[in-house]
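Visitor: Given next are the chains, with one letter for each unit.
Protein chains: 6
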Amino acid sequence: MILRIDKLPIELPKPKHPSPNNAAAIQELLGGKFGEMSTLMNYTMQSFNFRGRNQMRPYYDLIANIAAEEYGHIELVSYAINLLLTGASKRGTDPTTAPLKENVDARNSLHFISSGQTALPLDSQGRPWTGDYVFSSGNLKLDLIHNFFLECGARANKIRVYEMVDDPTAREMVGFLLVRGGVHIVAYARALEKLTGANVGKLLPIPDINNKKFPEARKLEEKGLHRIMFRFSVDDYKRVGEVWNGPHPEDGSELIVEDAIPAGFAPPDLDEEPQLTSPGIDPEMVAEFAARLSR
Amino acid sequence: MILRIDKLPIELPKPKHPSPNNAAAIQELLGGKFGEMSTLMNYTMQSFNFRGRNQMRPYYDLIANIAAEEYGHIELVSYAINLLLTGASKRGTDPTTAPLKENVDARNSLHFISSGQTALPLDSQGRPWTGDYVFSSGNLKLDLIHNFFLECGARANKIRVYEMVDDPTAREMVGFLLVRGGVHIVAYARALEKLTGANVGKLLPIPDINNKKFPEARKLEEKGLHRIMFRFSVDDYKRVGEVWNGPHPEDGSELIVEDAIPAGFAPPDLDEEPQLTSPGIDPEMVAEFAARLSR
Amino acid sequence: MILRIDKLPIELPKPKHPSPNNAAAIQELLGGKFGEMSTLMNYTMQSFNFRGRNQMRPYYDLIANIAAEEYGHIELVSYAINLLLTGASKRGTDPTTAPLKENVDARNSLHFISSGQTALPLDSQGRPWTGDYVFSSGNLKLDLIHNFFLECGARANKIRVYEMVDDPTAREMVGFLLVRGGVHIVAYARALEKLTGANVGKLLPIPDINNKKFPEARKLEEKGLHRIMFRFSVDDYKRVGEVWNGPHPEDGSELIVEDAIPAGFAPPDLDEEPQLTSPGIDPEMVAEFAARLSR
Amino acid sequence: MILRIDKLPIELPKPKHPSPNNAAAIQELLGGKFGEMSTLMNYTMQSFNFRGRNQMRPYYDLIANIAAEEYGHIELVSYAINLLLTGASKRGTDPTTAPLKENVDARNSLHFISSGQTALPLDSQGRPWTGDYVFSSGNLKLDLIHNFFLECGARANKIRVYEMVDDPTAREMVGFLLVRGGVHIVAYARALEKLTGANVGKLLPIPDINNKKFPEARKLEEKGLHRIMFRFSVDDYKRVGEVWNGPHPEDGSELIVEDAIPAGFAPPDLDEEPQLTSPGIDPEMVAEFAARLSR
Amino acid sequence: MILRIDKLPIELPKPKHPSPNNAAAIQELLGGKFGEMSTLMNYTMQSFNFRGRNQMRPYYDLIANIAAEEYGHIELVSYAINLLLTGASKRGTDPTTAPLKENVDARNSLHFISSGQTALPLDSQGRPWTGDYVFSSGNLKLDLIHNFFLECGARANKIRVYEMVDDPTAREMVGFLLVRGGVHIVAYARALEKLTGANVGKLLPIPDINNKKFPEARKLEEKGLHRIMFRFSVDDYKRVGEVWNGPHPEDGSELIVEDAIPAGFAPPDLDEEPQLTSPGIDPEMVAEFAARLSR
Amino acid sequence: MILRIDKLPIELPKPKHPSPNNAAAIQELLGGKFGEMSTLMNYTMQSFNFRGRNQMRPYYDLIANIAAEEYGHIELVSYAINLLLTGASKRGTDPTTAPLKENVDARNSLHFISSGQTALPLDSQGRPWTGDYVFSSGNLKLDLIHNFFLECGARANKIRVYEMVDDPTAREMVGFLLVRGGVHIVAYARALEKLTGANVGKLLPIPDINNKKFPEARKLEEKGLHRIMFRFSVDDYKRVGEVWNGPHPEDGSELIVEDAIPAGFAPPDLDEEPQLTSPGIDPEMVAEFAARLSR
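Chains as they are written, first to last, in this note's numbering: chain E, 1 to 295; chain D, 1 to 295; chain F, 1 to 295; chain S, 1 to 295; chain H, 1 to 295; chain V, 1 to 295.
Don't take every hint at face value.
Just so you know, same-sequence chains aren't split out, so a pair can sit in one copy or run between any two.
[What the hints assert, rightly or not] With a straight-line cut-off of 30 Å between C-alpha atoms, the simulated DSS-like cross-links for lysine-lysine are:
| hint | residue 1 | residue 2 |
| --- | --- | --- |
| 1 | 238 | 101 |
| 2 | 202 | 14 |
| 3 | 101 | 14 |
| 4 | 202 | 7 |
| 5 | 16 | 101 |
| 6 | 213 | 16 |
| 7 | 238 | 7 |
| 8 | 212 | 90 |
| 9 | 14 | 213 |
| 10 | 90 | 16 |
| 11 | 90 | 238 |
| 12 | 16 | 202 |
| 13 | 16 | 238 |
| 14 | 213 | 238 |
In short, the hints are calculated from the structure, not lab data.
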């Protein structure tokens with residue numbers, strides 16, 4: 001079970017200007033093979049499916065806890081997409097003005113036809129996320145190698161989306177994901193090292209570029225955010241620190257566990273888009289509707 | 001963001017005996033078009049994508065809060081599948097004994113080849129859940145009608161899986177889902193009623209059979225579980241009660257909001273399956289491995 | 001069985017100018033989840049699959065009859081796409097002039113590579129229509145709620161495509177579909193009302209915008225086209241009027257059944273596109289070919 | 001546009017006994033790559049998309065007319081599936097008796113969970129029919145070769161399903177399809193011969209087995225059903241006989257056009273399945289419901 | 001088994017300038033339904049699956065040998081895509097310069113996010129090649145008709161891509177494929193003629209345009225490349241000449257078998273793209289890395 | 001380009017008895033996410049897409065050379081499937097005997113309906129292999145980690161199929177694949193070690209079971225087959241030995257390169273299946289057909 005906190009892990013700046021194609025590109029980080037839906041669902045399913053939990057508790061705690069953090073990441077990527085799509089067509093209530101006319105050339109038409117200019121669980125080509133992206137073999141070592149690879153692949157995608165979309169909303173979001181995804185890379189490397197003795201951390205960074213090259217990531221790493229494993233639970237996953245400890249393989253700083261999560265920031269309010277009847281409040285019905293709510 | 005609680009909403013009894021085909025059928029309730037992955041992700045995405053939140057806060061709170069409850073449902077269905085698959089092949093470490101031989105006739109071969117006899121985000125035919133199952137139009141009334149329909153379709157599937165799998169693990173799980181899914185049906189009906197004045201609740205029950213016919217559901221309804229909306233958050237979604245109130249459309253009992261969630265039960269431990277090297281602990285390495293954990 | 005009538009329900013004006021991306025957008029109304037292929041095949045399959053037909057004849061007749069009308073809709077949308085693609089590349093027979101060069105940027109490349117600048121059963125992203133879009137649960141009430149939702153979702157898509165494509169061919173087509181789809185929305189609402197007593201019509205319009213706002217729809221509604229159920233059969237589906245009767249939920253006009261269908265209009269002839277060898281008549285072979293036809 | 005006739009082209013005998021796996025196999029003939037959905041939609045789309053219709057009218061008429069006949073084939077296959085599924089689980093209204101228990105081993109679980117023991121647009125593996133199965137290149141010769149190949153592939157599938165399912169319902173249905181599909185094979189061969197002079201008919205039969213080997217087909221061919229092209233229209237497609245003429249390539253009989261279609265047979269009534277709440281008539285509500293119908 | 005030869009069948013000129021959308025269009029010839037992956041895998045699987053090989057050896061040899069040639073075609077199409085993508089973004093190592101910014105509008109975003117500006121097994125819409133494109137019925141005549149149709153469909157696609165992309169890299173590649181694909185068309189026509197006596201060659205050309213209209217193909221045909229079947233094996237497939245003989249159906253030239261394959265040309269070296277960390281050599285590590293290679 | 005050698009890498013014993021479900025399970029090793037189609041196409045595409053080849057030649061040679069070996073593996077798995085399906089239905093030419101009747105319960109109906117009792121590029125659930133299984137990021141380190149993971153995942157699948165199918169045909173095939181796949185695991189581990197200095201080999205074996213436990217693998221390893229990299233080319237990929245050298249990480253034996261490939265064994269002849277008209281030789285036509293071949 002979960003308790004939801006209606007907060008985002010960081011504060012997202014407003015975009016410089018709406019951009020359907022920027023939003024379309026960022027979809028890769030939500031519903032692509034290496035998007036946040038994939039990290040969320042892989043670790044979530046692996047935690048449900050964990051065999052021999054008692055003998056391997058620290059690994060269970062690690063995977064289950066990272067899964068919990070990923071929920072905030074699908075949230076963050078979705079809001080970045082939503083902000084970039086807000087205002088991306090002409091506002092108004094008269095369909096004969098063809099308010100979506102410019103959007104006929106947008107790469108992802110579903111943002112305008114299926115959704116109300118908001119995120120969908122699709123990749124950058126508009127193809128749906130699928131359960132086939134989940135790997136849960138039951139063999140712990142193999143699952144950990146998968147997770148290590150998945151996070152590295154995700155990192156490559158984040159870097160390339162960063163290079164493609166220079167809007168500050170996107171960069172702030174990707175910078176944060178690079179740091180936190182980096183924590184997960186190190187976590188799975190550490191887990192493999194603990195399990196086998198192989199010095200997996202020596203493979204890093206993958207791809208061959210340091211987070212410090214991304215100003216939005218660098219400023220967070222300077223605050224130490226790359227070496228903290230937050231515990232996303234009040235009472236559980238307490239043995240995560242048996243894996244998450246020792247020096248960070250890239251800069252040698254000490255890996256630490258924090259027993260609480262950051263306060264977070266209220267998610268941005270998304271303006272109405274009347275040309276999409278979104279949300280479709282009929283002003284004349286407001287009074288009647290308010291009356292019914294109070295009943 | 002979320003906090004995970006390592007508990008299931010109910011206590012699952014052990015199956016009478018493992019059954020790959022029972023597990024395969026239950027997959028429909030996890031990864032099918034009307035499975036819990038669908039309810040979870042539909043409401044989750046709709047909550048991220050909500051436009052005009054301030055004006056429509058009670059509806060936002062309702063959708064976001066139900067989304068949070070659904071997480072516990074994918075968890076519960078997954079554990080039911082896992083229990084039914086545990087012990088479903090011959091235990092041992094010698095592959096030449098063909099420990100999976102009987103499973104060559106199982107309907108879902110991926111339970112044995114891809115996963116370690118555990119759940120995957122697939123439906124009862126072994127087809128993956130897909131992001132195309134998410135509907136998020138941005139028009140509140142349309143999204144609510146979708147959600148109402150989705151929950152009714154999900155109810156039909158639950159009933160049929162109940163009729164197909166008579167193992168107590170499955171029945172206990174489905175009975176619970178019928179009750180809680182019933183809450184969501186009523187919630188979306190109430191939301192539509194509040195928004196439009198149409199008496200949507202008069203359509204119930206859909207399909208045309210009462211929850212009381214299912215003993216595992218009936219016992220929970222007798223405790224009132226069908227009229228409680230739990231708030232799955234410490235500080236948020238507080239206006240859910242502006243929609244969730246009044247008499248239950250089927251039995252007239254009073255709809256109430258509870259500000260906390262039930263305590264829950266520890267998830268069952270899943271036995272090791274050595275023939276699948278799941279989780280694959282090499283006993284000879286235990287000492288060395290323990291040493292590394294402590295480092 | 002069916003008898004085909006080589007007529008379209010309305011006369012389509014020629015487009016102002018060809019437009020691959022306009023055509024690509026309109027594909028959503030053909031092969032999208034809420035496109036006309038979906039309405040056609042949902043009601044068609046539900047009519048084949050109807051259990052207890054004798055007891056529930058008026059509902060069977062309603063669904064089967066609406067299914068028949070939908071055939072004319074896939075035809076109409078296809079011709080609109082075809083007209084918008086006709087002339088969309090440079091005509092000629094010399095491939096070295098790169099007659100499709102401009103089309104390399106078109107959103108749906110399959111219009112030029114797979115088809116001869118004509119419609120395909122794809123959505124606006126070029127993804128195929130799939131049988132998974134068909135819902136046929138066997139429970140009448142649930143199927144009717146599905147159909148009601150499907151038509152409302154289809155209406156949302158039609159409105160948004162109208163707002164995206166301002167070409168008169170598209171607008172005339174969408175205006176007609178809004179009216180006739182509106183008939184189907186009311187029909188399924190009436191069916192649910194008859195079956196349960198719930199005043200489903202009070203939910204309308206969904207989304208929250210009236211057909212009168214669309215001039216091409218308004219002119220048809222002024223002729224009463226929104227209150228007529230045509231019977232698409234010579235001898236069958238005669239009890240459709242037991243459901244389709246009473247006042248229209250939006251304007252109170254009387255719902256009536258007509259025992260014949262409108263005369264219709266000859267479908268537009270589609271010009272040859274020699275650069276696509278479509279249809280590929282070799283002028284030198286015409287005589288020989290004519291001779292063979294007469295044999 | 002179409003007019004529906006509520007008749008099947010032949011009378012289907014009742015199955016000897018229900019059989020989920022027989023029904024699952026027959027699905028290939030409905031929603032498989034070479035199923036009747038494919039022949040229906042290929043020719044339908046090609047007829048909408050036909051360029052240069054006036055110059056090539058006989059070919060247009062041929063394709064459009066065959067498309068119309070295929071509608072009766074999806075109907076026939078669907079009813080065969082429905083008959084084989086009717087009674088395939090235990091009838092009753094008490095879910096605790098697990099009325100679907102035996103069906104947990106059925107190859108297509110969706111017949112019991114998603115549908116009310118009826119057909120779905122899926123293949124024999126439960127995979128959906130998809131719009132990608134439609135070929136419509138715009139080049140007439142290429143489209144005709146495709147159609148010729150499609151019909152031969154469909155014939156192979158029909159033969160193999162015949163060999164797999166020996167129930168009389170299935171055999172009667174397949175025997176009929178072999179004959180009428182055979183007409184389409186010859187029609188496309190003739191069209192190619194007319195267009196190019198190549199003696200395509202000499203390739204037949206494909207696969208290398210004669211329809212006479214199938215008693216249910218042989219009896220129909222003895223009545224000449226393999227040499228008749230019915231015109232599925234009151235007023236249109238009148239030049240089909242310019243292609244459909246001359247001797248049948250396999251037995252030399254004269255190919256003829258009939259201007260009307262056979263009378264057909266009322267489709268079988270499908271019994272209620274109360275355990276699936278299909279259709280879900282609540283007996284206690286019959287009076288109230290009848291009253292509403294009359295309003 | 002195979003032996004690889006690190007050569008391409010022709011020399012590819014450098015593109016005039018990189019072009020993401022040209023590359024995206026060419027993907028249809030790699031991973032589309034009628035792309036080279038399809039011809040490769042169809043004939044490959046048919047050769048593995050051939051029943052009665054001894055009685056039908058020449059046909060086996062033909063299919064198996066053509067399969068081998070197709071490998072060089074997926075290679076050639078891939079390199080054409082790769083050349084058109086090389087240099088398609090701004091080179092450099094500083095992500096803050098947004099080196100992929102222009103590519104946010106590219107039709108296939110996966111070229112920049114998933115791959116390192118290189119080919120993927122996708123079609124022109126970015127949809128993956130799938131095993132469902134393989135037809136292997138086991139009936140020789142039917143498989144040959146499929147192959148004949150597949151090659152004709154592939155020819156149509158090649159022609160249209162030629163007309164869409166006028167870059168010399170693409171034209172040289174397509175010109176070659178038209179000639180060699182033309183050989184395969186004739187080969188399957190001959191096989192059908194040998195098997196049945198039908199004069200299938202008389203259907204050609206399909207579509208109705210001669211290879212001579214494409215200068216890059218014409219020059220190769222003038223060298224006779226359209227009448228040579230190369231034997232892609234040292235010791236096997238020696239009876240291919242029993243099918244491949246007689247006059248070419250289009251120009252009457254003599255069909256001949258060559259027992260060796262052309263020498264070929266070294267594949268172009270693909271420049272590094274540092275902004276994609278492709279391949280990601282860290283210059284500072286070169287010495288250490290070289291040392292390890294020598295160990 | 002390639003030269004095909006009509007030999008299999010090992011000699012496959014005849015199955016003890018045909019088994020459709022055994023064949024269906026083995027399909028996972030052909031067309032599953034971790035099947036041989038995946039290893040073949042991943043390394044093949046990566047070799048086409050390699051950037052900076054000159055600087056990184058030994059890695060290019062390694063990947064390209066392993067790709068070549070994989071071709072023999074799809075061949076071997078296909079033949080194993082084919083042998084297990086040969087004779088799996090009743091032989092004969094009279095369809096009324098329902099020769100496929102038993103096969104209506106087979107897990108993969110396409111083996112009998114679509115193919116002539118032979119392999120298809122599908123997984124064990126009958127789902128097609130797809131190009132989405134190919135990973136080719138352009139970053140060498142990331143591609144190598146992917147390949148290492150892919151081979152480990154493939155190993156897990158092989159082991160489980162071995163445990164599921166105890167037929168000697170399957171076991172001989174899987175035993176061989178375990179050894180040769182083991183070579184590829186070590187090769188990618190070595191490549192990563194050379195590139196980064198990380199001792200990746202220390203992670204092995206993954207999953208946690210030694211090849212020695214599989215008698216069919218053990219006998220090959222005793223011959224040293226696990227330490228040989230064959231060079232699948234006459235003249236190319238000569239620097240593969242700069243990566244493939246040093247001690248084997250599991251048993252310390254010396255890794256060696258062989259400049260030729262093993263002689264191999266003639267592939268088994270597959271008997272005709274007349275009930276499937278496979279291959280469909282009409283005995284009466286043999287003379288005429290032979291005459292045409294000689295022309």
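Visitor: Since the copies are identical, ignore which copy is meant and state whether residue 238 and residue 101 lie within 30 Å (CA to CA) inside a copy, between copies, both or neither.
Guide: For residue 238 and residue 101, the Cα distance exceeds 30 Å both inside one copy (54 Å) and across copies (40 Å).
Visitor: For the identical chains here, do residue 90 and residue 16 meet the 30 Å Cα criterion within one copy, between copies, both, or neither?
Guide: This pair counts as both: shortest intra-copy Cα distance 17 Å, inter-copy 23 Å.
Visitor: Cα distance capped at 30 Å. Does residue 90 pair with residue 238 within a copy, between copies, both, or neither?
Guide: Answer is neither; intra-copy 51 Å and inter-copy 34 Å both fail.
Visitor: If the cutoff is 30 Å on CA atoms, where do residue 101 and residue 14 land: within, between, both or neither? Let me know, please.
Guide: both (24 Å within a copy, 19 Å between copies)
Visitor: Taking 30 Å as the upper bound on the Cα-Cα distance, should residue 212 and residue 90 be classified as within, between, both, or neither?
Guide: between (39 Å within a copy, 21 Å between copies)
Visitor: From the Cα coordinates, with 30 Å as the cut-off, is the pair residue 16 and residue 101 best called within, between, both, or neither?
Guide: Result: close both inside a copy and across copies, 21 Å intra and 15 Å inter.
Visitor: Cα distance capped at 30 Å. Does residue 238 pair with residue 7 within a copy, between copies, both, or neither?
Guide: both (23 Å within a copy, 15 Å between copies)
Visitor: Are the CA atoms of residue 16 and residue 202 at most 30 Å apart within a copy, between copies, both, or neither?
Guide: Answer is neither: 39 Å inside a copy and 42 Å across each miss the 30 Å cutoff.
Visitor: When Cα atoms must be at most 30 Å apart, do residue 202 and residue 7 count as within-copy, between-copy, both, or neither?
Guide: Classified as neither; 35 Å inside a copy, 36 Å across copies.
Visitor: From the Cα coordinates, with 30 Å as the cut-off, is the pair residue 213 and residue 16 best called within, between, both, or neither?
Guide: Cα proximity of residue 213 and residue 16: one copy only (22 Å, versus 33 Å across).
Visitor: With identical chains, the pair residue 202 and residue 14 could be close in the same copy or across copies; at 30 Å between alpha carbons, which is it: within, between, both, or neither?
Guide: For residue 202 and residue 14, neither the intra-copy (38 Å) nor the inter-copy (39 Å) Cα distance is at most 30 Å.
Visitor: Can you give me the call for residue 213 and residue 238, within, between, both or neither, at a CA distance of at most 30 Å?
Guide: neither (33 Å within a copy, 38 Å between copies)
In terms of the numbered hints stated before, the structure departs from hints 1, 2, 4, 11, 12, 13 and 14, listed from lowest to highest.
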